[in-house]
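Q: Chain A is fixed; fit chain B onto it per the hints.
Heads up: the sequence lines are chains A and B, in that order.
Each residue of the first sequence is one higher than the one before, counting from 1 in the numbering used here.
Each residue of the second sequence is one higher than the one before, counting from 1 in the numbering used here.
Simulated from the structure, these hints should not be mistaken for lab results.
In this text, all values refer to a predicted model and were calculated from it rather than measured experimentally.
One should not assume that every hint holds.
Said to hold, decoys possible - Covered stretches of chain B (chain A as the covering partner; in silico rule of three or more C-beta atoms under 8 Å from a C-beta of chain A):
| no. | stretch |
| --- | --- |
| 1 | 119-128 |
| 2 | 133-142 |
| 3 | 170-181 |
As the list claims (entries may be wrong) - Result set (DSS-like, lysine-lysine): computed pairs, CA atoms no more than 25 Å apart in a straight line:
| no. | chain 1 | residue 1 | chain 2 | residue 2 |
| --- | --- | --- | --- | --- |
| 4 | A | 380 | A | 345 |
| 5 | A | 120 | B | 182 |
| 6 | A | 182 | B | 345 |
| 7 | A | 182 | B | 182 |
| 8 | B | 121 | A | 121 |
| 9 | B | 402 | B | 345 |
| 10 | A | 343 | A | 380 |
Even glycine gets a Cβ: it sits at the ideal position worked out from N, Cα and C.
Protein chains: 2
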Amino acid sequence: MDGPTIAASQPIVGISSVDIDGHKKCSRNYEKWTADLHRILCMQGGDDDGSYARNSEAPASAIDLSKPFLVEAINRMKLFRGESSLRIADLGCATGINTLSAVDFLVENLEKRYSNESVKKPEFEAFFSDLPSNDFNTLFRSLPPMNIKGLHQHTRSSINSRRYYAAGVPGSFYDRLFSTGKLHVAISLSALHWMSKIPVAVVDKNSKAWNQGRAWIDSARKEVVEAYAEQSEQDLKAFLHCRAEEMISGGLLYILMAGRPDAEHPEHQLGDPDSRAKHPFTNSMDEAWDDLVTEGLIDEETRDSFNIPAYMRSIEEVRRAFNQCNAFDIGRIEFQRVPEHSKEKQEEWIRDPLSYGRTKANLVRATLKPMIEAHLGSSKLSEEMFKRFETRAAADTKMLHKTCYYGIIVVFAIRKLDFYCNPLHHQYQMSYAQRFVDLQRNRHDPLGDIIVLNFSNANPKRSVASSDDVMTRFAEE
Amino acid sequence: MDGPTIAASQPIVGISSVDIDGHKKCSRNYEKWTADLHRILCMQGGDDDGSYARNSEAPASAIDLSKPFLVEAINRMKLFRGESSLRIADLGCATGINTLSAVDFLVENLEKRYSNESVKKPEFEAFFSDLPSNDFNTLFRSLPPMNIKGLHQHTRSSINSRRYYAAGVPGSFYDRLFSTGKLHVAISLSALHWMSKIPVAVVDKNSKAWNQGRAWIDSARKEVVEAYAEQSEQDLKAFLHCRAEEMISGGLLYILMAGRPDAEHPEHQLGDPDSRAKHPFTNSMDEAWDDLVTEGLIDEETRDSFNIPAYMRSIEEVRRAFNQCNAFDIGRIEFQRVPEHSKEKQEEWIRDPLSYGRTKANLVRATLKPMIEAHLGSSKLSEEMFKRFETRAAADTKMLHKTCYYGIIVVFAIRKLDFYCNPLHHQYQMSYAQRFVDLQRNRHDPLGDIIVLNFSNANPKRSVASSDDVMTRFAEE
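This is chain A alone, in the form it adopts within the complex:
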């Protein structure tokens, strides 16, 4: 259970750069599926052995490990005392055990915070967001009935009832998903290492960044890795820019994504040689594609044009994107190493390597099946690929004895104060006056207690207040 297999679904959205830049060197299928990837890519739906719902224990364990971090974030965020309801978004929610439990945990701890500080609890609205290709039907049908005091519920109440209003939001988190300035909390768990698209150069035979014979970038040539790194940087910036617009000042952004240690160069996407070698996107994956070529089931071009759109960032890369966005104050950022599986599981697999192969293949199915099916244009052929992968993974018995790790980066940040002020528009001043009063009331909150207001400028002006800024002026009504 290495890095990217823990991922939820936000890969490859919108117009493929292949179209934009006019490069037409790669296979026809590649052009077709990358152009409309937001329609086909997702974690595998349903709940059979190859579904994401059945293969998301690894993200669950990463999320569990990071829970103290989330609690710290909640305890440091601003309490929105004036608000009757808090809006929470889970970005890249997928469909599985993690989807609901993460939001349940979040709401539970927010409620505790309000309770501890003797502040009236607001209502909660949870927005589960993922690509339109995500299986929202299964997600919606797994929602327990609501249990909120005063509700006129016909439905049975149960221990597993939920304490928030739920909605699903279809779309890519690299675009705007919500109206301006209304989100109080946004979390993204095991999703942001999926890129919005595959860089065109890595599938261009004439480019130095052509990624021949590899499905991913670990240990790839410098140019390939750079193309990925650049796309990854653009994506994270787009993500932060959209969230900056959607989130209210003082709002909490909490991200958990697959990542690499700062010490590692990007061509080493995983933390150590063993973890790299054992990762399902590296050796076994490349061998499986080669098998298909050797057996004459696909040609080399088809193999070479398949690339996995995932990138493991370092803390430094994440920090850089936050700094450039300049709309958030990072509260804490950390790299953590998570064992790929339990000791018991490892011992079981050593006794039965075939079951190890099956498990690993199901993990890959859960995350890559829709993508590989689209690339090969055939579910039968894609199944052949997974079979080769299963055999290759099971045969690599030497690796079975190694305990490997995947890396995650966890970060939380607070949306800075940010005003577009125009003294000509009376209504803006009104709402700022209101916000100022709210702010004064909340002045003991650890973050978000400094405000810049500037009504002297006749043109709309954007002022961003960071911890270093001071309140300059306050124009009362």
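A: Then chain B, alone, in the frame of chain A:
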């Protein structure tokens, strides 16, 4: 295309009264499927011949006919000048051509209103709500890309782009779906004539209200009809109560539902004898069930325990529920008669009665298939039922020459002002002060311009302001 076939999906939610009241006289299947109906009932998903998406021309024509009514409602609602975004809910949205076009039309006309009155346009958030059994996946995948100025969209823009943020909300509209006081507009199109459950008495052999040998209530005995009417009344009250809590003062509630003329008693669910006889829930339906019994495919108990949970209200019944709720001012309410199909279609069917039978059977499939499958416990058996229905409908050539109608009730209402005031809570006064300023600013809006504020009472106090009330006092900060 008679009344209930135009319906979207909100039937039968929660605990069946069969469980509550301890009556165990009806068939086992009945108990099973009614207990969990919110999990199985919906308009038929997908897009094949029997899907709701392919059989929703009738609701489309009803919605088209009522568009001037909706425009009037929009022009009479309060403009929310202080709000940066308007929240719109489509309750019982189903999945089909109507779902998106209704919200598109609504947003377009709201934008016009803001533009005409030179008020800055807000953003729009559209919430598509239906039971969790609705096919949200198909709905989400049919959403065109967003096209909002200033968005960082990767997706292609197109003529069919949408100008609102979209979300799906799974749940029954007879329960709370949204947080308190945040909805600006709620519409429900062709959905509210579906009841939350089947009254237990109509499937109880020992009850006077036992509805033997009939699938629906048209021309049924008085007790049967009364049981339906009572359930329908409870449902509408629950619906209005929930919306009253969710909607902001001045918000617009717009409902289009199947209904009957005021002059008709409830046992005459359709407006005239021909329309009643031709309705897909009456003669052909009962004959088809009888055929299954005669052929030995089901027993009488199975036939008798199936009831269609739809009720056509009169304007008087709708008014009564609004009056009892006392949270809305009705702007206008009307009954309209809509021809069941075009003259061309009728002539085509007279030439080819078999195609008429097929069309009619597909209409019934689109609305009742999940329910009938659950009742019979077999999709094969349910298909046999639809085949009998098709044959019976096609054979009734006499009716083919009659032009029939279905009835709809259209109503729009404005959420009254409604405050829970407590002078001990400073923050409440603040927000009322703010609202008062908003209100003064909007004082030329035709509705919602009268306010009651009472801060003199030390206990929380609820004051509802209707058009007859006056502003009594305003306690400034």
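Q: A separate judgement is required for each hint: does it hold in the structure or not?
A: Comparing the hints with the structure gives:
1. 119-128: holds (count 4)
2. 133-142: Held - the stretch 133-142 of chain B has 6 residues with a Cβ nearer than 8 Å to chain A, which meets the minimum of three.
3. 170-181: holds (count 11)
4. 380/A with 345/A: violated (30 Å)
5. 120/A with 182/B: holds (18 Å)
6. 182/A with 345/B: violated (49 Å)
7. 182/A with 182/B: At roughly 12 Å apart (the allowed maximum being 25 Å), residue 182/B and residue 182/A satisfy the hint.
8. 121/B with 121/A: violated (32 Å)
9. 402/B with 345/B: Holds, at roughly 12 Å.
10. 343/A with 380/A: Since the Cα atoms of residue 343/A and residue 380/A sit roughly 35 Å apart, the hinted pair is violated (cutoff 25 Å).
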